[in-house]
Structures are given as C-alpha cells and as structure tokens.
Amino acid sequence: MINDSKNLWAYTTNLIASGRLVFAREEAMKALGVGQGAFLDAAEKLQKKQQLFSPRQGFYVAVPPQYLRFGSPPPSFFIDDLMRHENTPYYVGLLKAAELHGASHQAVMEFQVIAGKQLPAVHAGRSRLVFYFRKDMADVAEGIEEYKTDTGTMKVSSPELTILDLLRYPHASGGINGIATILHELAPKANAEKLAKLCPAFEQSVLQRAGYLLSQEGFDDLAEKIHSCLGQGSMQWVELDRSLIGDPDLAPAILERNKNWRVIVRQMPERDDV
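Using the working numbering, you'd call the opening residue of the sequence shown number 402 and step up by one each time.
These are calculated hints, taken from the structure and not from any lab test. If you're wondering where the values come from, they're calculated on a predicted model, not measured in any experiment. Backbone N, C-alpha and C define an ideal beta-carbon position, used for all residues, glycine too. Do not rely on the hints blindly, as some may be mistaken.
[As the list claims (entries may be wrong)] Computed beta-carbon distance windows for the label pairs:
| # | residue 1 | residue 2 | range |
| --- | --- | --- | --- |
| 1 | PRO601 | GLU640 | 48 to 54 angstroms |
| 2 | ALA597 | LYS450 | 16 to 22 angstroms |
| 3 | LEU656 | GLU625 | 41 to 47 angstroms |
| 4 | ASP622 | ALA418 | 19 to 25 angstroms |
| 5 | LEU441 | LYS536 | 31 to 37 angstroms |
| 6 | GLY472 | ARG421 | 17 to 23 angstroms |
| 7 | ASN578 | GLY503 | 17 to 23 angstroms |
| 8 | ASN578 | GLU547 | 57 to 63 angstroms |
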C-alpha cells in the first residue's frame, strides 16, 4: 500500500530527475506494485498539493518544484506526450503558433492545438489548452514543423499553415483586425511556394479572405500564389468578416466589392499598433 503517497512522490521525483515528466497510470502501478485504488488515492493526495497534474484520465504530469505555484508545467512540456496518449495527430497552431514564430505582440491567453479528433479543453494550472478539430490532418502535413521544447519537441504549424488557419478559425484568432495585425508580422516569414502547396487543403472562401488581406498588407507574392490556386470563374462572393452579418438588419453597409478576390468588405481591417 502506498503510505501517504510517499512512494508515488518518490517515483515522480525520480522521473523529474531523469528529465521526464509524464507517465501513464498503469506504468506507475506496475512500478510501485499497487492496485488501481491505492494508486488513485495516492495520486489524489499529490494533486491536492499540486505536485501532480492529470489532464486526461490515466495520463499524469509530474510538476517540477519551480512550477508548483502554477499547478502545472507549461503545456509545451507535455503536449506531445499528451497527444500521443490520445492517439491522434496534432499541431500547435493559430495564435500560439504565431507567437512562437515571433508574430504576436500580445500575450496569448490560450494554448491552441489543432487535433485530428474532437477533444474538450484542458485546464493546466494557470494555462488553458483548447483544441480545434481538423479531419484531414494528412493534407496539411507539409505545413507542420518540429519545434524544440525544454523537454523534447512538439509539432507546430509553419508560418504558411498558420496564415491559412487564422482565416479558417477566425473566432479563435482575434477577429479580422487581430488577424490583419498578425499577418503583417507573420507574412514576411512565409514562403510563397510552401503556401501554394497548402492551398488545396483549405476551403475556397478561406483562400479568398487570406488572399485579400495579404494583398491589402502589400504581400503581393503570397497573394498571387493563393490567387493562382483559385478558379476565377468559380469563385462565389464571400464576406470578409462573417461576424458583421449575424443580424442582416444591423449589418453595416458595403464599403467595397473586391472583384479580384470576390470579397465583400463592410469594415476595413484595422491593425493594432505593433
């Protein structure tokens, strides 16, 4: 029997000393020679002391001493292991990826992850992990990069994939003004050829909005590559900012109908000061 969780605490302490933070419940039970009930009781005691954190059933993260007051190490320390536990492809994306690429001037409040299956959000101490679903993960594989972390590596969207994702998930990207701000900082890091290779994996409306914003920001090489992926004759008119037409009676008047991108603009995007 684990007495006052001392054996489990020693187990997690040894893991931390070896440079490892995560373990599965069955793994620890086998190492300690205990049953599930005794393990869960011990784990609960350590969790109350914030020495252990469980983002998913059966998956545990040992909390190093320097992170005890936060209740969890940073998500980058364990996201790769967590998604392996979930048995699904993933990449860190959207605002978090933009930040990692040096294209965010504001603190990102959520650790945003694109995953191959629908997953509920996770509270990790002071952090919040939010998951966005993408069914065809294999189609964007060329836009996923390995990013070194303090405990190994994690998968992160490239600048090119991040640009398109920001328009695919605008509700998670700070709206059109926030997206325009990030594009202004992120686009110089993007490669037009790599961007073109990712275009087939995205909805035409996403490409139209991305191309319009990139052209507005003066990144004509990127915009032209996107335009070459679009069939001009088959493009439908799309709203630049869908949030403005939630109530048709209150929708602002149309300022512009951009024929090149077939984008309807009701309010011109305004970048935040950077």
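Outcome of the hint check:
no., hint, in the structure
1, PRO601 / GLU640: 48 to 54 angstroms, "23 angstroms, violated"
2, ALA597 / LYS450: 16 to 22 angstroms, "52 angstroms, violated"
3, LEU656 / GLU625: 41 to 47 angstroms, "24 angstroms, violated"
4, ASP622 / ALA418: 19 to 25 angstroms, "50 angstroms, violated"
5, LEU441 / LYS536: 31 to 37 angstroms, "35 angstroms, holds"
6, GLY472 / ARG421: 17 to 23 angstroms, "19 angstroms, holds"
7, ASN578 / GLY503: 17 to 23 angstroms, "20 angstroms, holds"
8, ASN578 / GLU547: 57 to 63 angstroms, "32 angstroms, violated"
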